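Protein chains: 2
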Amino acid sequence: MRQLSDPDELADIARGAAILGTGGGGDPYVGELLAREAVSQHGPVSLVSLDEVPDDALVATVACLGAPTILREKLPAGTEGPTAFKALQNYLGREVTHVLPVEVGGLNSMIPIAVAAELGLPLIDADLMGRAFPEFQMVLATLAGIDGSPMSMADDKGNAAVFQTLDNRWAERFARSTSIEMGAMAFVGSYSMTGIELRTCAVRDTMSFAQSLGAATRDATDSRTGPVETLREALGAVRLLEGKVLDVNREMRAGFGHVKCVLEGVGEHAGSTVRLHAQNEYLLAEADGELLACTPDLLFVVESETARPVTAEEIRYGMRVSLLASPCDPRWRSAEGLALVGPSYFGYDVTYSPVETLRSTDHPGS
Amino acid sequence: MRQLSDPDELADIARGAAILGTGGGGDPYVGELLAREAVSQHGPVSLVSLDEVPDDALVATVACLGAPTILREKLPAGTEGPTAFKALQNYLGREVTHVLPVEVGGLNSMIPIAVAAELGLPLIDADLMGRAFPEFQMVLATLAGIDGSPMSMADDKGNAAVFQTLDNRWAERFARSTSIEMGAMAFVGSYSMTGIELRTCAVRDTMSFAQSLGAATRDATDSRTGPVETLREALGAVRLLEGKVLDVNREMRAGFGHVKCVLEGVGEHAGSTVRLHAQNEYLLAEADGELLACTPDLLFVVESETARPVTAEEIRYGMRVSLLASPCDPRWRSAEGLALVGPSYFGYDVTYSPVETLRSTDHPGS
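Just so you know, the protein sequences line up as chains A and B, in that order. Read left to right, the first sequence gives residues 1 to 366 (this note's numbering). Read left to right, the second sequence gives residues 367 to 732 (this note's numbering).
Where hints are given, some of them may not hold.
Stated by the list, open to error - Every beta carbon over 10 Å from chain B, so not counted as near; a handful from chain A, in silico:
#, residue
1, Arg2
2, Ala87
3, Glu118
4, Thr178
5, Arg275
6, Pro327
7, Asp349
Stated by the list, open to error - Just some of the chain B residues that point at chain A, by a computed CB distance under 7 Å:
#, residue
8, Ser371
9, Pro373
10, Lys440
11, Gly524
12, Ala526
13, Val528
14, Leu532
15, Trp536
16, Arg539
17, Phe540
18, Ser543
19, Glu547
20, Thr591
21, Tyr714
To be verified - Quick partial rundown of chain A residues pointing at chain B, CB under 7 Å, derived from the structure:
#, residue
22, Gln137
23, Lys157
24, Phe163
25, Gln164
26, Arg173
Worth flagging that the hints you see were computed from the coordinates, not collected in a lab. Since the model is a prediction, treat every value here as computed from it, not as a measurement. By construction, the Cβ of each residue, glycine as well, lies at the ideal position given by its N, Cα and C atoms.
Work out the full structure: start from the sequences and follow the hints.
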């Protein structure tokens with residue numbers, strides 16, 4: 001266990017989590033502000049490892065769900081997370097003992113810090129994806145047979161809801177339509193579970209990993225190899241392209257941000273063109289119809305100068321960016337995992353291949 | 367207090383309630399079946415008057431919300447009403463003591479009978495509209511400042527939700543989007559209140575009134591003046607047209623059944639053409655651009671032969687029907703009432719005039 005309160009540490013977590021958020025998971029600046037404000041008001045948050053959570057703990061997640069576009073226009077009021085969490089506790093009829101991030105992301109790693117601070121609860125150094133994904137049921141908990149219900153929701157106006165659903169796909173449907181009514185963004189409390197269950201479905205130490213990535217790239221502008229190379233090494237990733245953004249097509253559909261980008265290689269990658277597809281998160285990269293990497297493996301877009309993460313919401317024409325990829329948690333590569341978050345689920349007509357095997361073919365950046 | 371259990375009485379209530387449902391409020395045959403089944407399984411239901419409800423009673427409504435079209439394709443499982451009611455009780459943390467119909471309608475007067483039978487609770491001989499209206503906030507309780515939240519919802523698959531909303535308009539928004547996800551139809555528990563509050567916002571004796579209308583028209587085929595005239599007298603209504611259905615335009619939009627009909631006069635009304643507009647309920651009738659009657663006054667369409675009510679869902683080309691109208695509860699005619707359920711709210715470009723005053727002008731059927 002250690003204490004989180006230092007503003008620089010929070011900034012590092014936000015930055016690193018935005019990298020691991022693979023384009024989604026919310027805006028790290030908003031996330032950092034929310035966490036800093038809560039910690040300065042309510043004091044430091046205890047960060048505990050998976051092994052420190054008692055078997056009979058009552059763990060629950062809290063997160064923001066919706067289209068990232070909205071957060072750039074409408075900041076959270078700050079009351080939504082605690083309201084959602086309290087609605088969940090009220091339904092469960094008992095107090096939650098530990099706060100768990102549902103995913104890693106610039107906002108969704110920080111909201112749990114803010115809620116943990118406000119409620120005086122320990123925060124677990126883990127999450128349920130090892131990255132960010134756009135839909136509610138896309139967690140390792142679903143693979144482990146753990147119910148996302150009861151699921152609570154809250155908006156900034158004072159509306160709240162609790163759903164008890166048949167399965168996690170049904171929860172996604174209700175969450176999406178309700179989040180749209182709530183202004184295309186809502187805060188969600190869900191996946192309540194015991195400490196024993198937690199250890200069957202969490203990715204460990206992802207808060208600390210995010211913090212280390214943030215710290216490494218924050219000071220890497222002076223490093224010999226440059227910040228992107230520092231990040232690549234820290235991630236164990238491959239660099240698929242260094243280039244600039246040539247075109248961005250952006251659409252909000254059914255409560256999601258759908259983005260298609262064209263990246264054009266520069267320097268040693270000159271002449272290469274990569275197409276990048278996102279639904280909140282970056283999900284697939286291809287060059288001339290050839291697959292470079294796809295979900296559930298992680299795709300990262302960072303500024304080439306600074307290795308600052310560039311979300312799918314933020315990416316725009318003319319940016320100099322580097323595209324990296326790294327392997328996902330091995331549980332996502334099972335048949336059940338791929339059915340839940342593989343390329344077919346998102347409507348891409350490709351067969352999943354691990355990024356390591358694709359990497360060995362002769363494509364740009366290899 | 368009296369006991370409801372006789373199948374003929376239930377059939378009369380369903381028929382009479384479908385008349386007062388002014389084209390909406392659900393299918394009376396489905397409603398009758400649900401109530402009969404519940405009463406035969408669980409025993410008779412005590413029907414109590416407004417004055418018999420203790421001041422400190424905990425009253426709540428239960429109803430079906432959605433597009434009537436759906437009920438013709440998918441019958442309720444029978445579990446939805448009790449599930450919604452139990453979710454409400456669970457949220458309130460105390461037992462509801464009395465069941466209240468939210469509106470009068472072929473289905474929504476019968477569901478409360480079924481739920482009262484299943485839960486062994488008394489049913490109140492009243493409702494919150496004195497007719498049926500399509501949206502959640504359209505109750506006299508809203509005018510009296512009584513909150514529809516907490517509002518619970520349940521579907522036939524086992525999904526349930528509870529909403530705590532800012533006001534009754536917000537509850538309508540969440541109810542509508544969630545009902546669409548639930549299959550364009552859901553059961554709702556709401557408007558929990560004390561006996562004292564109940565007496566500020568209910569229309570009294572509407573179950574008994576529905577039953578008397580059903581009984582009067584059931585045997586009226588032998589009467590000298592005919593069943594429609596018998597009904598007209600019992601309602602204190604005016605007959606606007608006797609005619610046949612020339613055209614029906616039907617559309618399901620945003621979870622509502624929108625219907626436009628053209629009726630052509632026969633007999634003494636030959637040569638008259640009436641246009642009738644419905645959103646679940648019949649809301650406005652006009653002839654040659656002249657207003658005949660409109661919401662919140664009641665518009666009734668019944669078969670000319672039998673005075674059997676014809677819902678907006680059921681009305682079709684070639685039917686011989688009579689169009690009647692009667693005054694609404696006077697509270698709906700206040701400025702606040704008209705803002706909530708007047709013609710402007712539904713997008714009709716007319717100024718409300720009470721049906722009695724319109725009746726004095728020289729229009730078809732006067």
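Going through the numbered hints above, which ones does this structure break? Give me the numbers in ascending order. 2, 4, 8, 9, 10, 20, 21 and 22
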